[in-house]
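*Asks:* Chain residues, written in single-letter form:
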Amino acid sequence: MRLNIRIINLILAGLLFSACATVPRYRAHPQLNSKIEKVKTITVIPLKVDVYQVTSGGVKEKMDEWCTQAKRNLLTAIEDELKLRPLLNIKSFPEILMSEDRKINLEQTGALFEAVNSSIIIHTYGQPVHRFPEKIQSFDYTLGPEVRQLSGQTDALLFVRGVDNIATAGRKAVQAGSVILGALVGVQVTPNMGVTAVNLALVDANTGEVLWFNFHASAGDHDLRNPLDTTALVMDILKDFPINKPVE
Amino acid sequence: MINKLLIAVFVFMGMVSCATTQLPPVGEMDALQLQKDEKRIWNRSGEEQRRLNSSSYIYEDPVLSAYVNEVAQNLIPQDIRGKGLSFQVRVIRNPLLNAFAYPNGAIYVHTGLISKMENEAQLAALLGHEMSHVTHRHAIENYRSVKNTTAVLATIQMASVPFGAYGSLANALGTLGAMASVTGYSRELETEADNVGLVLLINAGYDPKEAPKLFEHLKRDVEQQEKKEPFFFGTHPRLQERINNYTRLIKTKYPDATGMKNTQRFTNIISPLILDNAMMDLSMGRFSSAEDGIERFLEIDPQNSRAHFYMGELYRQRNDEADREKALNEYSLSIQYDPSNPAPHKGLGLIYYKLERYREAKAEFEKYLILFPDADDAAYIEQYIEAMPTK
Amino acid sequence: MKIKSAFFLLFAFILCGCVATWVAVGGNYKSGSENYTVELPEGWRQYTPAKGKLLITKDGFTLQRIQIVRAKIDTELTHTKKKFEKGMLPQEAAEVVIDNLRSNPNILNQNIIENKPAQVGGHPGFKIVYTYQNKSGLNKKGVFYGLLTSDWWYEMVYEAPERHYFAKDLPAFEKVIETFRLIKDAAA
Chain V
1 MRLNIRIINL ILAGLLFSAC ATVPRYRAHP QLNSKIEKVK TITVIPLKVD VYQVTSGGVK
61 EKMDEWCTQA KRNLLTAIED ELKLRPLLNI KSFPEILMSE DRKINLEQTG ALFEAVNSSI
121 IIHTYGQPVH RFPEKIQSFD YTLGPEVRQL SGQTDALLFV RGVDNIATAG RKAVQAGSVI
181 LGALVGVQVT PNMGVTAVNL ALVDANTGEV LWFNFHASAG DHDLRNPLDT TALVMDILKD
241 FPINKPVE
Chain S
249 MINKLLIAVF VFMGMVSCAT TQLPPVGEMD ALQLQKDEKR IWNRSGEEQR RLNSSSYIYE
309 DPVLSAYVNE VAQNLIPQDI RGKGLSFQVR VIRNPLLNAF AYPNGAIYVH TGLISKMENE
369 AQLAALLGHE MSHVTHRHAI ENYRSVKNTT AVLATIQMAS VPFGAYGSLA NALGTLGAMA
429 SVTGYSRELE TEADNVGLVL LINAGYDPKE APKLFEHLKR DVEQQEKKEP FFFGTHPRLQ
489 ERINNYTRLI KTKYPDATGM KNTQRFTNII SPLILDNAMM DLSMGRFSSA EDGIERFLEI
549 DPQNSRAHFY MGELYRQRND EADREKALNE YSLSIQYDPS NPAPHKGLGL IYYKLERYRE
609 AKAEFEKYLI LFPDADDAAY IEQYIEAMPT K
Chain L
640 MKIKSAFFLL FAFILCGCVA TWVAVGGNYK SGSENYTVEL PEGWRQYTPA KGKLLITKDG
700 FTLQRIQIVR AKIDTELTHT KKKFEKGMLP QEAAEVVIDN LRSNPNILNQ NIIENKPAQV
760 GGHPGFKIVY TYQNKSGLNK KGVFYGLLTS DWWYEMVYEA PERHYFAKDL PAFEKVIETF
820 RLIKDAAA
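Taken in order, these protein sequences are the chains called V, S and L. Heads up, the first sequence is in my numbering, so the first residue is 1 and it goes up one at a time. Heads up, the second sequence is in my numbering, so the first residue is 249 and it goes up one at a time. Heads up, the third sequence is in my numbering, so the first residue is 640 and it goes up one at a time.
Chain V on its own, in the form it takes in the complex (with noise of 0.2 Å):
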């Protein structure tokens, strides 16, 4: 949609000056801490991540095996992150043996939460023009209490989207802020170079309000390909999420 793409790429360059904003990069519902009371087991919704090579020509294409590295080393990393906070258990979402009605369900999930995120990046984090203050100030964004039919027995959902572009040698990365949102919200924007791209959000399983926000964009400086890389960043991303590691 046209109107889309004209808003990221004004947010594009906004980005950068956001780093000066006093509003905290992450957010979280009003009653959040109500909620997350709750939550004692948390699902991770199978990741949806991509990696691409970006050639000298700025074309993407999208590397089969880093994806699947990628994926792996960002769930080994939020689990075992996720793991050290004592009484919360996490699980995997059972993607083997999933009947169809299921997989309808999982997709459309995925796909709102899609549209929801896109609407999270350009309303709350983009450049001040396009920022609604009553969102950011109320975060109330939902996927609807529909998300109970994929819930099963858990209290919250976690998603977990992912871009990563690497770049070939003597490709630069200029601009960063211009292909992060692109990027993050399914929206490709050249030139692309090297940025990586992470967020996530966890999202109550009953009522399908998504409790917390959070992400990650760097030009350069990680790579969801590399394990420690990947743990580095990760630990960025959740170092304020709401249930705490125990004080050590």
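Treat the hints loosely; a few may be bogus.
[To be verified] Mimicking EDC-like on lysine to aspartate or glutamate, the simulated pairs with C-alpha atoms at most 20 Å apart in a straight line are:
id	chain 1	residue 1	chain 2	residue 2
1	V	K103	S	E295
2	V	K62	S	E286
3	S	K287	V	D223
4	L	K720	S	E539
5	S	K610	L	E731
[What the hints assert, rightly or not] Examples of chain V residues lying across from chain S (beta carbon under 8 Å, computed):
id	residue
6	T55
7	V59
8	E61
9	K62
10	M63
11	D64
Since the hints were derived computationally from the structure, they do not count as laboratory data. Computed from a prediction, not measured in an experiment: that's the story for all the values here. Note that beta-carbon positions come from the ideal geometry of N, C-alpha and C, so glycine has one too.
Dock chains S and L against chain V, hints included.
*Replies:* Just chains S and L now, with coordinates in the frame of chain V:
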């Protein structure tokens, strides 16, 4: 600025594609062994096809589907069989004249193109052409050359598709499908597919003189729609050039070649598609294509009530001079051939209503509702009846 | 200090692009140039760069949008060559809208759920309810109200993801429809 850039890239791509095929065709290999980037585009192809195959774009007709795949199977040359490459043909619900192949052997043909064909030999010519793109690995060659061009064109955004507004699937397809269906391949690769496809056609026993007729249909469609040549971005040989190429090839290499056309069998199987496609043309406002399609169907089945109704709809919606009379006539024929068909009564009712011939309009609307009490548009019809003067 | 602040504000203002891109709406809305008044729901925002149409949302366009458009009756449509014509019945106009939807190559699995006459601003129009799937695989649902006058056509459209969002904001759209009025007579 954009035009100069496009010209520069076309020249560049022309230079790149002047080189002869660098990858050996599948027929020259002992077994199909994909290169790394080729495996990736096969994976992308699979992803795109999964979405396409489960969508409303696929034209569901088991008899037609079995038929087109049978024709394709008969074309497969011996040196391809058993090497791990298979072909699957699906028909896409789209009235534009197009067909494309993914590198993994999945071929898609638009209903629009099939509806213009006259016989099985022309279908075989098309399938042979598309299969040659696959066997000669044109997708990966094209992909490699495209990757190295500037990002502006290499991203293959569809904003500048010549007839983008009128039905290009490009926005529904992924990059690979769009590349195959819209931008196509270079002049040289298309010529190679024409030439190799012609050999497949002849070896399978079809009449090669039917091959150039495909492009004659395309050319006629382009002229009819008054648009620039479709979906080739100018890097394809022009349609007349390709017609000339085929004609010259047949004259010089295969002057005495004859073969089967299987016209009757072809016509019997595709006739429902002709009418369905005409309705898609009508939806798009392509009145003359729609009219051609319905007329062609009526040549096959002159007493088909549905076809006469559709013709009536075309005239009613087109609403040119004298169309009203034509519409009335077609609706009447539709009723004559099937008195239980409710739809033409509605058509008649609408025309009479607009002509303020209320007595006749009321009669037709009432017949419509008697024959089709659960009609989705009953609310409109009841409103007309209510609004009409009682005398 | 004051001069510095003013300079900073000016710089920020220029940086932000001067004109507000999103404007809060709610309550009475009048468009003299488009010849209608309507009551807009509270808490929504209008995207001002959209020329020739009123485009509003609450959570972002990916999650819901309401648009009101007025266009000359012979304006070309996006996906079909068919056009509206003077004197068309609402049902005929609805046919054109449906054909435009069906011919849209950017969406999949279009389905018409409802197509019936409706009063629009007190004039005979039509209502179409439809579903489709977008390129990202999301199922969406929409309601289209249309009205033809002698020289213009008006459309009021509401679209949202079918799951959760469509039902959530439909009442807001229905209120918009109830309050829509032409300023000058429909025959104008």
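*Asks:* Run every hint past the structure and note whether it holds.
*Replies:* Each hint, compared with the structure:
no.	hint	in the structure
1	K103(V) to E295(S)	holds, 16 Å
2	K62(V) to E286(S)	holds, 12 Å
3	K287(S) to D223(V)	violated, 23 Å
4	K720(L) to E539(S)	holds, 15 Å
5	K610(S) to E731(L)	holds, 18 Å
6	T55	holds, 5 Å
7	V59	holds, 4 Å
8	E61	holds, 7 Å
9	K62	holds, 7 Å
10	M63	holds, 7 Å
11	D64	holds, 5 Å
Checked against the numbered hints given earlier, the structure breaks only hint 3 and satisfies all the rest.
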